[in-house]
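K.L.:
The chain contents come next:
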Amino acid sequence: MQEVHDYFKSLCPDLHVTRGEYDEDSRYPENKTLTIGQFKLGICHGHQVIPWGDLDSLAMLQRQLDVDILVTGHTHQFKAYKHEGGVVINPGSATGAYSSFTYDVNPSFVLMDIDGLRVVVYVYELIDGEVKVDKIDFKKTATTRSAH
Amino acid sequence: MADVVEDEEKWLAAGVAGLQQNAFYMHRALDSNNLRDALKYSAQMLSELRTSKLSPHKYYALYMRAFDELRKLEMFFKEEARRGCSIIDLYELVQHAGNILPRLYLLCTVGSVYIKSKEAPAKDVLKDLVEMCRGIQHPVRGLFLRSYLAQVSRDKLPDIGSEYEGDADTVMDAVEFVLQNFTEMNKLWVRMQHQGPAREKEKREKERSELRDLVGKNLHVLGQIEGVDLEMYKDVVLPRVLEQVVNCKDELAQYYLMDCIIQVFPDEYHLQTLDVLLGACPQLQPTVDIKTVLSRLMERLSNYAASSIDALPEFLQVEAFSKLNNAIGKVIEAQVDMPVLGVITLYSSLLTFTLHVHPDRLDYADQVLGACVKKLSGKEKLEDSKATKQIVSLLSAPLEKYNDIVIALKLSNYPCIMEYLDSETNKVMATVIIQSIMKNKTRISAADKVEALFELIKGLIKDLDGTVHDEVDEDDFKEEQNSVARLIQMLYNDDVEEMFKIICTVRKHILTGGPKRLPFTIPPLVFSSLKLVRQLQGQDENPFGEEESTTPKKIFQLLNQTVETLSNVPAPELALRLYLQCAEAANDCDLEPVAYEFFTQAYILYEEEISDSRAQVTAIHLIIGTLQRMHVFGVENRDTLTHKATGYSAKLLKKPDQCRAVYVCSHLFWVDDQENIKDGERVLLCLKRALRIANAAQQMANAARGSTGSVTLFVEILNKYLYFFEKGNPQITVAAVQSLIELITTEMQSDSSTPDPAADAFLASTLRYIEFQKQKGGAIGEKYDSIKV
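Which chain is which? The protein sequence lines are A and B, in order.
Position 73, counted from 1, in the first sequence is what the working numbering calls 73; the numbers after and before it change by one each time, with no gaps.
Position 723, counted from 1, in the second sequence is what the working numbering calls 723; the numbers after and before it change by one each time, with no gaps.
To be clear, the hints were calculated from the coordinates, so they are not data collected in a lab.
The structure displayed is predicted, hence computed values, not measured ones.
Glycine included, every Cβ here is placed at the ideal spot set by N, Cα and C.
Be aware that one or more of the hints could be misleading.
Claimed, not checked - According to the in silico footprint, chain A covers these stretches of chain B (three or more CB under 8 Å from chain A):
id, region
1, 473 to 479
2, 578 to 591
3, 619 to 633
4, 710 to 723
5, 755 to 768
As the list claims (entries may be wrong) - Below, a list of computed lysine-lysine pairs in the DSS-like style, where the Cα atoms sit at most 25 Å apart:
id, chain 1, residue 1, chain 2, residue 2
6, B, Lys727, A, Lys82
7, A, Lys79, B, Lys776
8, B, Lys439, A, Lys9
9, B, Lys720, A, Lys32
With these hints in hand, go ahead and build the complete structure from the sequences.
P.N.:
Structure, rendered in structure tokens:
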């Protein structure tokens, strides 16, 4: 929606959007990769990855995109999952929108602080009218990848 | 015209020159204590003010110079008096000046010193002067002369506590003096209107305008006299001033002076003399812009009420509201030709007043709106943009005051006024209303209030008569409809019956919106309904519940009918998504037939309405994703739906899409948390089929482009093999995995394959994953142990 797009742009001009299942705008790609600092990030809404919310299937997408951090959504449930291949983050729904996955949707969003080989994930949740903040640390091991 | 201005400049210059020259000689005489000569030259100097040739603006310039010179003369007179010269004699002496105008200026100047000397009561001197000034009947000269009198007498009025206060009643004398000066000045001022030829009327009015503050100053002076308390104002000042205002029958004067009275005197005085003040209004000339005067009065009183809560009882005591209401009614009646804008401005000011002074009296506010409606009735929809803006302002006032649309909805005349707006303004007002609700987070929780609200905002809900949709800007339209959608989300009640009523009310209204609006308004309604379903689930089942009570089934029926309306748009992709959402909700309620029905509708849409290949890919994934989560279906139903889904997958246009959809179907046969859905064989069948399709894709690529294309699909399928391998699907053997790995590696190394770094990286990370799993040890480690990479 143009209004929401413009609002996000006002927060930060560097905006990356991938397509959700209700987005009619075909400008948005199905998934996207970008590099920030030492990390490769992948973004995908997640309705394309079945079973929805399944971490193993999401990990497969992560391998396919070859990224350290996969940002995904669709379920409106916050999740941060670390495995040997990297990290999968679902920031949940910023508006607490209806979800078929959970009856309790607390509005939430995530800020990632990327510094060198370390990323700190701050998750903000609105629970019963109060904002709760939590913090998760991830370190990237500088594994050597076979050259291709 | 330019000639005249040039001439005026010349005359002014000549006047100034003459004045300065005589002033010079006057000063010389003053320096040598030559009273006779001083008087002679000062009289000559003042003669320049006898001119008729200057416009008021230029005359003022000349006057100011004379004024400055007279100050010096006054100081000289004061010195003379101190030295023993008889002021009375001086007073007598200056009257020998040849021409009357210089004579009177000098008289006033001496008079000032006379009063200061206290050799005579101030009131006597003042009375003498104000009457003597009658000698000048020429408007401009007279006005400036009297203005001079006012200026020099300003600090010498016998006010209470002033040094010039004589015996009792002297305040009365001060007031009398000022009133008389005022009256005479007004008469002179009005007389200007009738001088000169008719064609120069505009010029005269402009000149009069420049002089108005001279007249108004008298009222300021009255306002500042300490001794003028409420009683004196009520008994003497106001009646006398109003008498002059009404009797002069001059439009310019009446408008200016009424406004002056309102601005100069304190608000408490106005409250206590409301009858008298308002009573004068109908007596004024019909062309006077009385609505502005009244509006400004109401504005002042509103601010007074807002700033001082202690004053509020006074408002009630004097029945300010009804007096103002009546006065406005009378004015509107009297001025039959008053344009609509005027009427609405008046009522707008009255409404603001009411909201400030009587915020709890909704009936007053409604009365005001009702009077407005009455005046508007019989007319057509407004076309005057200023008038419509004023109406928007009128209608916004209660919203801003109460910050709660529910209160505004109680005003019975509120919707009536909106009827008179053209559709564009109707939409503007509707947007204002929605924004007010958003800003204040107003919870509207009663179905009848929702009904009233949607009636009010109907300009946004549907095409009103006569409007053509094409005229609307696309972006504006989207914004409007999105705000309606947001509004729908805000309507809520904890009580499920009431909530259901709300949903039905909203549904009724939005279904009149037409195909362009439904895609915006149906989704929020659907989700509100699904939330209600959840609420019902949360409640305990009531075995004694009435037939009429709301059940999830009822809501699903309504939902089915609601989503169906999207076929008129048409919006099959949106409808498909909504059907699938409803299916999931039905699944959570264990309503198998309902869920099946929703799936059926979704499938029909897929088969009949969704023909774009990309749309099909997304749609099939949504279908599979949803179906995968269903646990409510019995074997038969599940098989039917699954069979269809795999069929659709295999028939997608592009081979890669086919491949992916087919391997995703494998998840339909294996659901982790459902023990009876773990059909290892069917899973493998899907994966093998996917492999075949991938192969075919390779061959096609070879045939069409000479190279076999990317091995990505194979790597994806490999990952799926690993997935089910880990889950313990007995049909996925180590050998199968192994051979697939070898197949991929061979393909990649083959000459005819296109190098694809992404595919390489994918394979590499997959192999790394296998390594990780081996390292894990335990059951997993054992499993993976036999796979060689």
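K.L.:
Against each hint, give a clear statement of whether it holds in the structure.
P.N.:
Now for the hints, and whether the structure bears them out:
With a threshold of 8 Å between beta carbons, the proposed coverage of the region 473 to 479 of chain B by chain A holds, since 3 of its residues qualify and at least three are required. Closer than 8 Å: that is the beta-carbon criterion, and the region 578 to 591 of chain B has 4 residues meeting it against chain A, so the requirement of 3 holds. Residue count for the region 619 to 633 of chain B with a Cβ under 8 Å from a Cβ of chain A: 6. That meets the three needed, and the coverage hint holds. With a threshold of 8 Å between beta carbons, the proposed coverage of the region 710 to 723 of chain B by chain A holds, since 6 of its residues qualify and at least three are required.
Counting residues of the region 755 to 768 of chain B whose C-beta sits closer than 8 Å to any C-beta of chain A gives 9, which meets the bar of three, so the coverage hint holds. For the hint pairing B/Lys727 with A/Lys82, the CA-to-CA distance comes to about 20 Å; that is within 25 Å, so the pair holds. For the proposed pair A/Lys79 and B/Lys776, the alpha carbon gap of about 23 Å is at most 25 Å, so the pair holds. Between B/Lys439 and A/Lys9 the alpha-carbon distance is near 22 Å, which keeps this suggested pair within the 25 Å criterion.
Simply put, B/Lys720 and A/Lys32 have alpha-carbon atoms about 22 Å apart, close enough for the 25 Å limit, and the pair holds.
The structure is consistent with each of the numbered hints, conforming to all of them.
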